[in-house]
Amino acid sequence: AQTIHQWPVAEIKAVGSPLSLGCTIKGKSSPNLYWYWQATGGTLQQLFYSITVGQVESVVQLNLSASRPKDDQFILSTEKLLLSHSGFYLCAWSRDWGGEQYFGPGTRLTVL
Amino acid sequence: GDSVTQTEGPVTVSESESLIINCTYSATSIAYPNLFWYVRYPGEGLQLLLKVITAGQKGSSRGFEATYNKETTSFHLQKASVQESDSAVYYCALGPSNTNKVVFGTGTRLQVLP
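Protein sequences appear in the order of chains A and B.
Our numbering applies: residue 1 is where the first sequence begins, and numbers increase by one.
Our numbering applies: residue 1 is where the second sequence begins, and numbers increase by one.
A few of these clues could be false.
[To be verified] Here are the simulated DSBU-like cross-link-like pairs (lysine-lysine), alpha carbons at most 30 Å apart as the crow flies:
(1) B:101 / A:13
(2) A:70 / B:58
(3) B:70 / B:101
(4) A:26 / A:70
(5) A:80 / A:13
(6) A:26 / B:101
(7) A:80 / A:70
(8) B:51 / B:70
(9) B:51 / A:26
(10) A:70 / A:28
(11) B:51 / B:101
(12) A:28 / B:101
(13) B:58 / A:28
(14) A:13 / A:26
(15) B:70 / B:58
(16) A:70 / A:13
(17) B:101 / A:80
(18) B:51 / A:28
(19) B:101 / B:58
No lab work stands behind these hints: they were computed from the structure.
So that you can see chain A by itself, here it is in the shape it has in the complex:
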């Protein structure tokens, strides 16, 4: 069975500090990977997707970057956090492009 793990569960960070969020998928080779962000009371917005190792495409510009250093790992980061980065970050994977997505438990980020 496939499992998806996100870390950390929650973060409280200062404006201007760096950030790194991680996501690991086990039990599925070559998954399509996605990062989403949801502001409090807002809708889910797709940020990035990756079809293969080393290749990441940006969907929405939020002064964030993403990388896929391994087949099963997806990293979301920034060197300088903004207040507007606060929210809930979800990682997801899919078998087929355009197919159903399987979501991780998410990371709650608070920027002060």
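Starting from the known structure of chain A, fit chain B onto it as the hints suggest.
Just chain B, lined up with the frame of chain A:
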């Protein structure tokens, strides 16, 4: 761009009553998007409830149904008799667009009273 509009919540219904959560979409970049309903139960992660990838087809799961209506660009979620355990947040989604984007609605919080 592509968009999804769904019933604003919260929606409150009593157990055994019928339910409909409206979802309409605008898919300007792709003629026949895949359509999804996702659900987040309290304390759980977001998960797929049902999907339909062919216009005119109906998807069903856990007593819920949704029909992909190309003419009205709708994908309403219905259930004949809700249960308290159906209390959750429901999201309508479409994708992928020609920019490889999956678009979610704002979510509808459903509360089912015992």
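Hint-by-hint comparison with the structure:
Using a Cα cut-off of 30 Å, the hinted pair residue 101 (chain B) and residue 13 (chain A) holds, with the two alpha carbons roughly 29 Å apart. Distance hint between residue 70 (chain A) and residue 58 (chain B) is unfulfilled; the C-alpha atoms sit about 38 Å from each other, more than 30 Å. For the suggested pair residue 70 (chain B) and residue 101 (chain B), the alpha carbons sit about 20 Å apart, so the restraint of at most 30 Å is met. Under the criterion of a C-alpha separation no larger than 30 Å, the hint pairing residue 26 (chain A) with residue 70 (chain A) is consistent with the structure, at around 12 Å.
With a CA separation close to 10 Å, the supplied pair residue 80 (chain A) and residue 13 (chain A) stays within the 30 Å bound. Taken as a hint, the residue 26 (chain A) and residue 101 (chain B) pair is honoured in the structure, with Cα atoms around 24 Å apart against an allowance of 30 Å. In summary, the hint linking residue 80 (chain A) to residue 70 (chain A) is supported, as the alpha carbons are separated by about 24 Å, within the 30 Å threshold. The suggested pairing of residue 51 (chain B) with residue 70 (chain B) holds, with an alpha-carbon distance near 15 Å, which does not exceed 30 Å.
Simply put, residue 51 (chain B) and residue 26 (chain A) have alpha-carbon atoms about 24 Å apart, close enough for the 30 Å limit, and the pair holds. With a C-alpha separation of about 13 Å, the suggested pair residue 70 (chain A) and residue 28 (chain A) falls inside the 30 Å cut-off, and the hint holds. Among the hinted pairs, residue 51 (chain B) with residue 101 (chain B) is consistent with the structure: their alpha-carbon atoms are about 17 Å apart, no more than 30 Å. This hinted pair checks out: residue 28 (chain A) and residue 101 (chain B) have alpha carbons roughly 22 Å apart, not beyond 30 Å.
Annotation: proposed proximity of residue 58 (chain B) to residue 28 (chain A) holds, straight-line Cα distance about 29 Å (limit 30 Å). The straight-line distance between the Cα atoms of residue 13 (chain A) and residue 26 (chain A) is roughly 28 Å, inside the 30 Å bound, and the hint therefore holds. Note on residue 70 (chain B) and residue 58 (chain B): the hinted pairing holds, with a Cα-Cα distance of about 12 Å set against a maximum of 30 Å. A distance of roughly 26 Å separates the Cα atoms of residue 70 (chain A) and residue 13 (chain A); the hinted pair therefore holds under the 30 Å criterion.
Between the alpha carbons of residue 101 (chain B) and residue 80 (chain A) the distance comes to roughly 26 Å, so the proposed pair stays at or under 30 Å and holds. Under the criterion of a C-alpha separation no larger than 30 Å, the hint pairing residue 51 (chain B) with residue 28 (chain A) is consistent with the structure, at around 21 Å. About 23 Å separates the Cα atoms of residue 101 (chain B) and residue 58 (chain B), which keeps this hinted pair within 30 Å; it holds.
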